[in-house]
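There are 4 protein chains.
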Amino acid sequence: MKKDLKITIIGGGSSYTPEIIEGFIKRHDTLPVKEIWLVDIEEGKEKLEIVGNLAKRMVKKAQIDCTVNLTLDRKDALKGSDFVVTQFRVGLMDARIRDEKIPLRYNCIGQETTGAGGFAKALRTIPVILDICKDMEKICPDAWLINFTNPSGIITETVLKHTNIKVIGLCNVPVLMHMVAAEAVGAKSKDEVFVHFAGLNHLVWGRKIYYQGKDVTSQVVEKIVNGMKFTTRNIAEMGWIKEQIKDLNMLPCPYHRYYYLTYKMLQEEIESAKTIGTRGEIVKKVEKELFEIYKDPNLAEKPKQLEQRGGQYYSDAACELINSIYNDKRIIMTVNTRNNGAIADLPDDVAIETSCVITKQGAIPLNTGHVEVQIRGLLQVIKAYEELTIEAAIKGDYNKALQALTMHPLVTSAEVAKKILDDIIKENIDYLPQFKVYN
Amino acid sequence: MKKDLKITIIGGGSSYTPEIIEGFIKRHDTLPVKEIWLVDIEEGKEKLEIVGNLAKRMVKKAQIDCTVNLTLDRKDALKGSDFVVTQFRVGLMDARIRDEKIPLRYNCIGQETTGAGGFAKALRTIPVILDICKDMEKICPDAWLINFTNPSGIITETVLKHTNIKVIGLCNVPVLMHMVAAEAVGAKSKDEVFVHFAGLNHLVWGRKIYYQGKDVTSQVVEKIVNGMKFTTRNIAEMGWIKEQIKDLNMLPCPYHRYYYLTYKMLQEEIESAKTIGTRGEIVKKVEKELFEIYKDPNLAEKPKQLEQRGGQYYSDAACELINSIYNDKRIIMTVNTRNNGAIADLPDDVAIETSCVITKQGAIPLNTGHVEVQIRGLLQVIKAYEELTIEAAIKGDYNKALQALTMHPLVTSAEVAKKILDDIIKENIDYLPQFKVYN
Amino acid sequence: MKKDLKITIIGGGSSYTPEIIEGFIKRHDTLPVKEIWLVDIEEGKEKLEIVGNLAKRMVKKAQIDCTVNLTLDRKDALKGSDFVVTQFRVGLMDARIRDEKIPLRYNCIGQETTGAGGFAKALRTIPVILDICKDMEKICPDAWLINFTNPSGIITETVLKHTNIKVIGLCNVPVLMHMVAAEAVGAKSKDEVFVHFAGLNHLVWGRKIYYQGKDVTSQVVEKIVNGMKFTTRNIAEMGWIKEQIKDLNMLPCPYHRYYYLTYKMLQEEIESAKTIGTRGEIVKKVEKELFEIYKDPNLAEKPKQLEQRGGQYYSDAACELINSIYNDKRIIMTVNTRNNGAIADLPDDVAIETSCVITKQGAIPLNTGHVEVQIRGLLQVIKAYEELTIEAAIKGDYNKALQALTMHPLVTSAEVAKKILDDIIKENIDYLPQFKVYN
Amino acid sequence: MKKDLKITIIGGGSSYTPEIIEGFIKRHDTLPVKEIWLVDIEEGKEKLEIVGNLAKRMVKKAQIDCTVNLTLDRKDALKGSDFVVTQFRVGLMDARIRDEKIPLRYNCIGQETTGAGGFAKALRTIPVILDICKDMEKICPDAWLINFTNPSGIITETVLKHTNIKVIGLCNVPVLMHMVAAEAVGAKSKDEVFVHFAGLNHLVWGRKIYYQGKDVTSQVVEKIVNGMKFTTRNIAEMGWIKEQIKDLNMLPCPYHRYYYLTYKMLQEEIESAKTIGTRGEIVKKVEKELFEIYKDPNLAEKPKQLEQRGGQYYSDAACELINSIYNDKRIIMTVNTRNNGAIADLPDDVAIETSCVITKQGAIPLNTGHVEVQIRGLLQVIKAYEELTIEAAIKGDYNKALQALTMHPLVTSAEVAKKILDDIIKENIDYLPQFKVYN
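Chains as they are written, first to last, in our numbering: chain B, 171 to 609; chain H, 171 to 609; chain Y, 171 to 609; chain E, 171 to 609.
Read the hints as simulated data drawn from the structure, not as lab findings. The C-beta atom is built at its ideal place from N, Cα and C for all residues, glycine as well. Treat each hint with caution, since some may be false.
[As the list claims (entries may be wrong)] Pulled a few chain B residues facing chain E out of the computed Cβ check, cut under 8 Å:
{"id": "1", "residue": "Phe364"}
{"id": "2", "residue": "Thr445"}
{"id": "3", "residue": "Val527"}
{"id": "4", "residue": "Gly539"}
{"id": "5", "residue": "Val543"}
[What the hints assert, rightly or not] Chain E regions said to be covered by chain Y (calculated; three or more residues, Cβ under 8 Å):
{"id": "6", "region": "315-325"}
{"id": "7", "region": "331-338"}
{"id": "8", "region": "402-416"}
{"id": "9", "region": "429-439"}
{"id": "10", "region": "484-496"}
{"id": "11", "region": "579-591"}
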């Protein structure tokens, strides 16, 4: 078994990087990471250096046998990589802010990964991930791609369908949900509670929750509808409609609020946009402050303020995933992988987010079979939207892009979809070479 | 083979009745209908007599060997029936008007069969159709139930899942679409054009259109997006979004406008409600005038004015269907029947609307297999909504009813669904015995 | 609509040809066949001339506007063809006799199309049909291929999976079964009885039989188990095991005897081989006599003796099929076509034999859904054998060929399969270029 | 978490019992078994006492806090049970010997669990397991049923379909296969090798084998076809046909020899029956000797001679399974459980044998999806046979029993099946109350 692992992090200049560095330091006993390469693009050079230097100080302080390397040369970084972690953001935070604002103009949910915003992000990101995979196929064809880049499910499916790279997509939302379930039943740790997850990225349900061998799903649901706090940092805490969630009898994910509470969420977004700013605008400020903190030459650990950023557990989950692959730990994690019939109501070749056994040869989904009718429709319509989005992004097909957006329940109507699509293409044209002809 | 057929029409006082009478008269040579029983309820007695007397005059004038009988006693009428046609409307036209208006209060599409309006209609109708089937199981268990009552797909599925009665659900929309396709390619009659239909009632697509052995689907689509007139009398003619329909590359049905052009359709509905009235209000007037005409003792044929009513071809399709069953004609018609795998992306036990061979033993669907991704999501989410609606209506389950409405793409959000549902229950309580406890 | 049809018959020197000529003559009013081209290979030249001259005399006598043309140049014949009928036999009758005898050496059923014999025939035929289709793709890409060549299901599936040619596979067995069902219930003609067929070529069941709208399947089964005559000319009449067929509650096909009555059928084959000869040896004699009769310059019609040959209704079914395609008759016929989910228990991309509507654009299967457990296993194992056989034949893969034979229930064991396979390759090597390396 | 576990072993007088007792002793630190109840029937009383007294001595010697209790009163033993282990044999060893001999009379494989022998065993066992479950539903409805009784897949499916008891079926064959795979690649322990198993009990394939993250399936197959020893004690070591196994490219199970090498296996069985006796006759002698050894009052451990018996690892696997359930260990074991779509080519409601995660709430299958065509046919035909067998056994339906046997590839023909079935009923009539009417 190889003893000197090389990890390459694309989008290495991200403010999240300190968490993943911390994760590797913590696991150094069992996970012998010898080289970490942080890769970024020219526009991200300054951030890369700030966070890269912090990473170097962290590793040095930890006194582990590991180097941190900074580069703008992706191909160089990929050489000999065992794991490639992607956490980049095409168009930086400004693109996110646009993704949030364009749909709001037309009274549609404006969100980074869900609805029309996530759609725009997918169009921008798909050409880049394909480029990265083309490089990997040549340079490090056996490396694992661990993808965080959102929309994580769509990006994972793109890699599964259009490249030969081994990929697992990751999200922190199921980790958070698992913790909430454990808290709801008073378990000491989330490991005591078994949650069988099934769905798509940012549309995942905790279908069955077991504690001490008993099905405690209703008990957890009861807590949730009675106001137990349950959200991520980027989504407004918004009370669920009790009767609907009780009929659901599953743990929804925080993103379900966009579907189940569309009207209120939209009002909240409109109000925020006018006052405190969209989530992207807030995060932009938080990040600015974070990078100021990161600059401190005496700082040699992940600063507490990073928790404000949202997305916690993300990087730690990635380290745990890499650890489980490397050591063939066969633990159960919730990741994005090829469906292959695990959810009988979706096509075989799509990406799903579900409980998997993580082995040295990859993620094997636990079987779900048919899902309940109360989640089936939404699951299926979003998956159809995702498939159309990938096809449109790959081909640069305007009509198909319009179809995808039209099918999305948070957009629905073709005449609104067309306006949003036209704005997206116009305002992102530098990142959408495949759609240039339509601008 | 039986020579003296008895037909029972439930909701016999409907303004449509003259068309079905005309249909039987036209086919009398091959379809030996000996007795027609028109059944209605106390509230419909006056209309039953008016239209019933017209029917008698029509039959008399045609000099066929057939009697027309009027009754308020359903059980009596069912005795010895070979075919039972259901075209009743629970709560009469006023209920329809409520169905149209309640959703509009919350900026949702208000339509007789689609969205929240159709949902309300389903809740009212399901208990009644089950009652009718219970009678049939006792009195005429071998009779065919030919259902027109809307929402026709949901009602057919209810009968398929919860009774032992042989049922076929019927709609005029595919007939109209077939005619439009024939017109688009310049065929002499619709029989020259083969349209393979697949979908659900009021959500059916002409997936493949053939003329002279060639696939002419794109050609028909081109005509449609370039403004060829194509709607039913109850749906506003509204221009499709060209690019989306071209990607669809199928013939949508007029009701697809509610999904594809939601915003415009909603504006149009709001405007109409304020000015000329909702469709139900208009129809109410049309019907009043029609019944005045029907009263004329010299009238002995279907008056031309009935065409203003909308729903043309409906009754004729029913006669043709009955004819094809009786004579084992094995023609291809588009009806609502058990899926049984014909559309691979939907459960086996649900009702679909698809091209079928009509035999003496019933409707056999032509196989569709998997449908294209551009229609799959909407098809699946609406079917899930329909399944939940039936379950909620049968059990009188408020939470499930809320779930069904929340899942509907024309309602989407649970908080809006709850308001609509509460209004529906409150304002229809006399017709919703199963929900009494929630009022 | 084209008025001058050109039909090309590959294997035109077959003794069946007079029947197909008769079929075209009978239908000349509605099916305007202007040219018939009979194609054969050098070895078949003499037979081609004999039967071709008879065909010419038949057409002349019928006084229809149609020419009969004889050629050894397939490419020339294909030019401008509207329908190509394949009824050739690679290796002629001697190959069939070998197919019957090799398995018998190892106590396995030796039959032209079923078991190891049909397997050998498939290996020889697949390269030739692919060659024909390659020619068609260049010369007449829009022509229909109507395939009779056995094993008809395997050949049809090969064309479906590996070429772009429109194909329908045909067999006379369902026609015979349909007639038997009609006779069993005392119907005047088979058109009065509806048999819903499902299965594979030579493994098809009459799953549901209706007469006058009633399910009469059990009634037909009762007749069959009580000794009603029911076989084809090439299969020994052998009494079914009553209890098993009653549990089946479907109409088996005569070839099911090889599976259900393996032991007795094998004894019968062994006995026949020793005494009267295998079926191939008998047919060889019958054909010789037939060709003597065909030579008679005064003969200008299909001679009665052809009925002795077996395979009756075959050619007539082909004419009816061509007629239904040309005239878009939309009648129901049982043909071999792509499954596409019609039988839910088999893969989508395989050929099945089932009741289809025959339209101008091709065959559309009536939906079957899941089949009953009593037929499911045999159906599935034979289809897996067929898929493996095609793969082996295309790749010339010895191991896969062995796997295919091993999986066949009439061979079962790999050690026997290996012996049979080695004999097949050795004794057919001239017709198995793809397996040359293994000889 | 409950601390005092009660285990009830039905068929407690079995010669295997010392191994399971040893298993509980070994795991006592983590698996607090407080009471073991050995249940048997009147005919097994003597053996129960012999083996029960040995068990008592073993527990005493181990100085663990656990009692061993012997009883003929099943209901009494079930009270308060946490786990019920079934390892009984209806009709004792003499029935097994009959199962082996009857098929041999008709030149069919005679084997305890496979083919006609396993069929007879299923008919006898199904009424008894249903009886046990009926008791459990009343007395200990939350207890787990851990079934060893053969045919283990059929028995598990019977419990899944016809009772409310939580059941997991167990077999030692995958354990043995896993060990062989580990040995083939030179792994230190089987835990280092990941074998993804899929199939049915005694028809399971090691579909994919991974070692150090690499797919080593071909490498293991290469070893097997080159003569690596690989069988269970009850199945003759018989060389595979190399080419077929290479095409298979999976690890077959020893029982596959009955299907792949039918002819040789049959010859071997016939020869053995004439000389050393059938496997049942040999085991009968081995058991007699074992019980003599068990009687030794100084013996207080599992004697080495038990390994001669065959079936090793069985009881240990059961203890490990119980341990993993009790402690929610989430290890991967290969067990028999509800398919639920895990193998897409089989119905949802059947039992399969596959790699599962074992949790406190039960076994969750790892997803397989569609299986390869080279195993699909045999898998499907045997499952259909199993479904028919269960239905026949439950209903006492002679025709269906005949259908089941006819479908079995090791019997195939209905006329042979009928003879075997008649002999089975006649010679087992005391154990087949449901078939009494047919004797």
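So which hints don't hold here, by number, going up?
Failing hints, ascending: 2, 5, 6, 7 and 10.
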